[in-house]
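Just so you know, the protein sequences line up as chains A and B, in that order. Residues 7 to 360 in the numbering used here are what the first sequence lists, from first letter to last. Residues -4 to 321 in the numbering used here are what the second sequence lists, from first letter to last.
Just so you know, these hints were derived from the structure itself, not from any lab. Incorrect hints may have been included.
[What the hints assert, rightly or not] Over the 10 Å line for every Cβ pair with chain A, so calculated as not near, a few chain B residues:
#1 Leu70
#2 Pro72
#3 Arg139
#4 Glu147
#5 Gly183
#6 Ala247
#7 Ala282
[Unchecked claim] Straight-line C-alpha distance at most 27 Å; calculated DSSO-like pairs for lysine-lysine:
#8 A:Lys185 to B:Lys316
#9 A:Lys171 to A:Lys107
#10 A:Lys155 to B:Lys316
#11 A:Lys37 to A:Lys215
[To be verified] Output of the computed footprint for chain B on chain A, the stretches with three or more beta carbons under 8 Å from beta carbons of chain B:
#12 24 to 34
#13 79 to 87
#14 344 to 355
From the three backbone atoms N, C-alpha and C, an ideal C-beta is built for every residue, glycine too.
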Amino acid sequence: MIARFEVRRRDYLAPDGSANRPLPAFATDAKLLVGLYRAMVLLRHFDRKAVALQRTGRLGTYAVSLGQEAVSVGMASAMQEEDVLVPSYRDNGALIWRGVKLEEILLFWGGDERGNDFSGPVHDFPFCVPVGSQAPHAAGVAYALKLRKEPRVAVCMFGDGATSKGDVYEAMNFAGAHKLPIVFVAVNNQWAISVPLRLQTGAETLAQKAIAAGFTGEQVDGNDVVALRAAAAEAIAAARGGKGPRFIEAVTYRLGDHTTSDDASRYRSAEEVQAHWKQEPIARLRSYLVRQKMWSKADEEQLAAECHERIEAAVERYLATPPRRPETMFDHLYADLPEAYAVQRRELSGEHDD
Amino acid sequence: MTEMTLVEAINLALGRAMEDDPAVVVLGEDIGVDGGVFRATVGLQKRFGSERVLDTPLAELLIGGLCVGMAAQGLKPVGEIQFMGFIYPCLDQLVNHASRMRNRTRGRLTCPMVLRTPHGAGIRAPEHHSESTEAMLAHIPGLRVVMPSSPERAYGLLLAAVRDPDPVVFLEPTRLYRAAKGEVEDNGEALPLDRAFVLREGRDVTLISWGAVLKETMAAADALSAEGIAAEVIDLATLKPYDENTVLSSVAKTGRCVIVHEAARTGGFGAEIAATIAERGLSSLLAPVTRVSGYDTVIPMARLEQHYMPSVERITTATRKVCQFS
Ligand SMILES: Cc1ncc(C[n+]2csc(CCOP(=O)(O)OP(=O)(O)O)c2C)c(N)n1
């Protein structure tokens, strides 16, 4: 025997909202904990509205976070503003936490690139659609941060399906070799569209994939926002302190369809989904907060009203955003538009050269 | 001015770019201690350290993706793909990310990176080492595709590529790495991108080419001039976006055009040029636009590769035919 490895699992809150063990210090800060709760609830309301907009033809294909709210919010809440988020397409919650406006997210899913020119941190990456291809970007970012000796960290998020791609392993392998300040987060929602985890990998955990790259991987209850925030804070602090990368496998479940163009009932049973509803992150934290007398029914009603108001205002701004003129598709093609394409731009705008 | 080879000019330009701008980072397989398999990066790691001259793991997708991440963070990465045949794993990064980061974020994030790779056949290399699939890259909106054909242009165009605010694929004609020699002054001066170079003026026919096969094209022009045919020779140099005006005004003058490229014919970049001339220069044509190219075959290995590549003879034969057309 020349090597032996272990993969730990972290959780604090049981599905019924009781504590399995003493919570980390930050959890005694009611304001913080309630803040996490509010962000998750906002995301759930926002998702519901986005789906309604899609169903009525006012939004394009949209990827919901239903059941996964704790991952996005837990991770983002442990980041500093100057850290760099490199998200996948399902990380709305993290973007919102980092200051991206709701109407900007709607704009993106509504088919307008201006949504990616968002008011979150200017260096954060936009949604990434080719699965897993954002992981090497995060490694490049982290390399730049290390080269310039900046105490900043890259946080890269992707799904369980993405871990099957070489992109993710190539990025992890490089990050391990160079001890880069980066945290990889596999959001294991157990399905990659219709393909279940057991067909995605023969490995017992995704966390153990980090071991091959030379760093620690840990499994976290992805429906427990306290566990996620704790794991994220620890991993980010280690990365910031020069201790290299970490990998977090957040085990959660996608309660909804893959996107608004998917019908998950084709490939999984109602019983399975029903069972996972008992694990979901929002009810769990709410029970805990109520037990701790940090939250009340009145608070809940007020929050719902606030979410409604904020979302409706954002939807109004989104719907009122005037469309771009067609020729603006040339505006950011290159820093300066080459003459050859300026001709095409004029063609599109109705001016003709000849 | 010093006489040097094309690969030495590349090395000189990289050193100059790194000296001028601390944000420039060079990365790739074997590019550090070893100086690259063609020695394009030799000595750079000693001068600039292993953080700025970085030996990467053997992973081409990663090299492309790292460049995107570094560039978005304000570095100026210059990645090397060891041979063009191995560029395909990182096409995903070029097509889906590098070329469109500026567009998809409306300019919030940009991607000022260079990806260098040896290009073309004729060095008796193993399979997969002789690719010339530049047309595939030139098809991608938002990229620049540049190919020098002399040490002087290699130096000036590479400096321009590094300083360019957008992603550039820089294709280096492998066959000319050591075969092409010329005077290069390390004056830090870039040559313009998006511009073709008229290497030789002539009234009778326009020969358009790029990369290594300009050698044969120039030799053909010499041979033809002995027969009284004055060929104008254009080095296209930047394929994306390409300098239509230089092409069209030359064809307007000569009325005839032969396009010479090493890449396979179908969908090759010659087709693009021929289409432009058909659309915008038809009235000046005295003969059909003609292509001399590689065949639509897999590039053969060493024993047959000289039959694949356009030869002086194929170029002169085609050009004579075009000049006799009536
Ligand atoms: C490279 C690539 N292949 C295929 C797709 C189509 N596709 C979109 S999402 C998806 C499943 C991804 O699953 P996972 O990584 O687990 O993330 P999740 O959607 O569950 O969050 C697929 C196959 C894609 N976007 N990119």
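Arg139 of chain B non-interfacial with respect to chain A [C-beta, more than 10 Å] = Violated, because the least Cβ-Cβ distance between Arg139 of chain B and chain A comes to about 8 Å, which does not exceed 10 Å.
Q.
For a C-alpha distance cap of 27 Å, please report whether Lys155 of chain A and Lys316 of chain B respect it.
A. violated (64 Å)
Check your understanding: Would you say Glu147 of chain B is clear of chain A, with no C-beta pair closer than or equal to 10 Å?
Key -> At roughly 23 Å from the nearest Cβ of chain A, Glu147 of chain B sits farther out than 10 Å, so the non-interface label holds.
- Query: Do at least three Cβ atoms from the region 79 to 87 of chain A come closer than 8 Å to Cβ atoms of chain B?
  - Reply: With 0 residues closer than 8 Å to chain B, the region 79 to 87 of chain A misses the three-residue bar; violated.
Just to make sure I understand the rule, a stretch counts as covered if three or more of its residues have a C-beta closer than 8 Å to a C-beta of the chain. Does the region 24 to 34 of chain A meet that for chain B?
violated (count 0)
query = Is the Cβ of Gly183 of chain B more than 10 Å away from each Cβ in chain A?
reply = It holds; Gly183 of chain B is separated from chain A by about 21 Å at its closest Cβ, greater than 10 Å.
Per the coverage rule (Cβ-Cβ under 8 Å, at least three residues), is the region 344 to 355 of chain A covered by chain B? holds (count 4)
Open item on the list: The output says Pro72 of chain B does not contact chain A. Does that hold with a beta carbon cutoff of 10 Å?
Closed with: Contrary to the label, Pro72 of chain B does not stay out of reach of chain A, its closest Cβ about 7 Å off (not over 10 Å).
Hint check: Lys37 of chain A vs Lys215 of chain A, CA-CA at most 27 Å. Holds or violated? violated (36 Å)
Given as non-interface: Ala282 of chain B, which should sit over 10 Å from chain A by C-beta:
It holds; Ala282 of chain B is separated from chain A by about 24 Å at its closest Cβ, greater than 10 Å.
### Query
Do the alpha carbons of Lys171 of chain A and Lys107 of chain A lie within 27 Å of each other, as the hint requires?
violated (31 Å)
Least C-beta distance from Leu70 of chain B to chain A larger than 10 Å: violated (5 Å)
Violated hints, listed in ascending order, are 1, 2, 3, 8, 9, 10, 11, 12, 13; each of the other numbered hints is respected by the structure.
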